[in-house]
Amino acid sequence: MIHAAGPYLLASVLVGLGLYGILARRNAVLVLVGTELLIAGGSLLLVTAGALGRDEVWAGQVLALFVITIAAAEVVIALAVVVAAYRRRGSIDLAEDAL
Amino acid sequence: MTGLDLAFAATGLITAAAGAIAVTTRQVVHSALWLVVALLGLAGCYLVLGAELVALVQVLVYVGAVVVLVIVALMLTRAPIGPRAEHSTSRGHRALAALVGAGTGGLVAAVLLPTAARVEVRPGGTAELGRQIFSTWVWPFELLSLLLLAALVGAFAVSGLTGEQAGEQPAKGEARP
Chain A
2 MIHAAGPYLL ASVLVGLGLY GILARRNAVL VLVGTELLIA GGSLLLVTAG ALGRDEVWAG
62 QVLALFVITI AAAEVVIALA VVVAAYRRRG SIDLAEDAL
Chain B
36 MTGLDLAFAA TGLITAAAGA IAVTTRQVVH SALWLVVALL GLAGCYLVLG AELVALVQVL
96 VYVGAVVVLV IVALMLTRAP IGPRAEHSTS RGHRALAALV GAGTGGLVAA VLLPTAARVE
156 VRPGGTAELG RQIFSTWVWP FELLSLLLLA ALVGAFAVSG LTGEQAGEQP AKGEARP
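Protein chains in written order, with the working numbering: chain A, 2 to 100; chain B, 36 to 212.
So that you can see chain B by itself, here it is in the shape it has in the complex (with noise of 0.2 Å):
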């Protein structure tokens, strides 16, 4: 037990137990909140394993961006506030989801576990992961650019705040008074 693995170890309990919250808690909102904590979480797991990179990107990306608009979701489609009982699924469909989310759990862990050693951590390099990103990695790189600009036109494109339906919508109020 070196102190990696007791790094690790709290960093992973943090980040399980707040998933696990996450996903059983009866109030909407609070289940955004604890989103934050895992993936706070998460980025201290990957700390541990030297990836500052990934680790800095996980945190600007996720708990700055992804979960404040999952929360800005929640407000447009008035999430109630508080513990509501008659939106939570039945007994029976918990305990079947539960059963399928143990089952896969435990048959990804019985794949990976019997491979698993004592092995060396490799060291953080930034400036050598910069180097990988922009030589060996550089077109998958560049088309996540065009991926980005897609899916910013494709969100315009859903959420019909396009012209036509924009246009639209002040005239049907006008010809009804």
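Next up, chain A with everything else stripped away, as it sits in the complex (with noise of 0.2 Å):
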């Protein structure tokens, strides 16, 4: 037997959490940093209920599974547009432009 609330709570306090860090950063790689906690918030929202609830196809899991898989090719487009950023422009500083 497990309370529910506390998956729940860690679920809203990531997605807090990563979208704090895509505000808040001006490096372009830490951004992604946030992005990544935001995703996992979301992927631990899919296994619990996935867990706790009636799942027949484990929709779940697999959904998390699917998720991580996106997630990883995500990082590697965004990567790949913030060394080509780089080299154009020699900064990934976000708010340069605004200054």
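If you are wondering where the hints come from, they were derived from the structure by calculation, not from laboratory data.
Any given hint might turn out to be false.
Reference listing, derived: stretches of chain B covered by chain A, where coverage requires no fewer than 3 residues with Cβ under 8 Å from a Cβ of chain A [to be verified]:
no.: 1; segment: 48-56
no.: 2; segment: 64-72
no.: 3; segment: 85-92
no.: 4; segment: 129-137
no.: 5; segment: 147-161
no.: 6; segment: 172-186
Predicted model only: the values in this text are computed from it and were never measured.
The beta carbon of each residue, even a glycine, is placed where N, CA and C say it ideally should be.
Now that you have both chains on their own, put them together as the hints suggest.
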């Protein structure tokens, strides 16, 4: 037996932290760290829903696996964009143009 | 308060604390390394919830591949080692970001927490999970391989390692002397 409040609370904390990381960082690679935490909160909710409810086709765990794979593909493309931007502009400071 | 509750509280505290340090630390390399701790803690949470395969894939893909990629990207973009104040955002910017983050997290918690109840955790079953992946979910699963191929080709195209540009750059270097 487990109380579902724990996983729900952790997922909302991860979503909040991830959003803060995306908004408060100027280094483009560190924005991705926030994105990872946001995605982690989402997949924790999927696994929780699969483990605690009635789930005949195991959708929670299978979709969490899919989310992990899609996040890996997303990180590859995002880092390629960051490296290409660094080669072209010489900096990955996201607030540079605003100054 | 059962044993599972205690185990989840321990792994969840590690995850939340490491995630908080990862998004607030001034040292960029430390941020990536604290992300490792947060993702390992999350794998522990998955184990407590009876999802062994998801926990293993999380360790393999995230800690093994994604974080290594992030650290390589930090190296390629010459991230500064040590705390650097001139690259951090202003205090007002951070306060506004914290407000938005806390608001969204609070909203998610406010929606989810009223539905929380004490329930039985389904025991893990990797054999049944594998059977479901290759019967119910087989077409989405196969599509994922196309997605990974597209990501591979896209990363090569975006990063400028394709044939034309690689051919152009030595030509410019030769023309200069």
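>> Hint by hint, where does the structure go against what was stated? Just the numbers, ascending.
In response: Every hint satisfied by this model.
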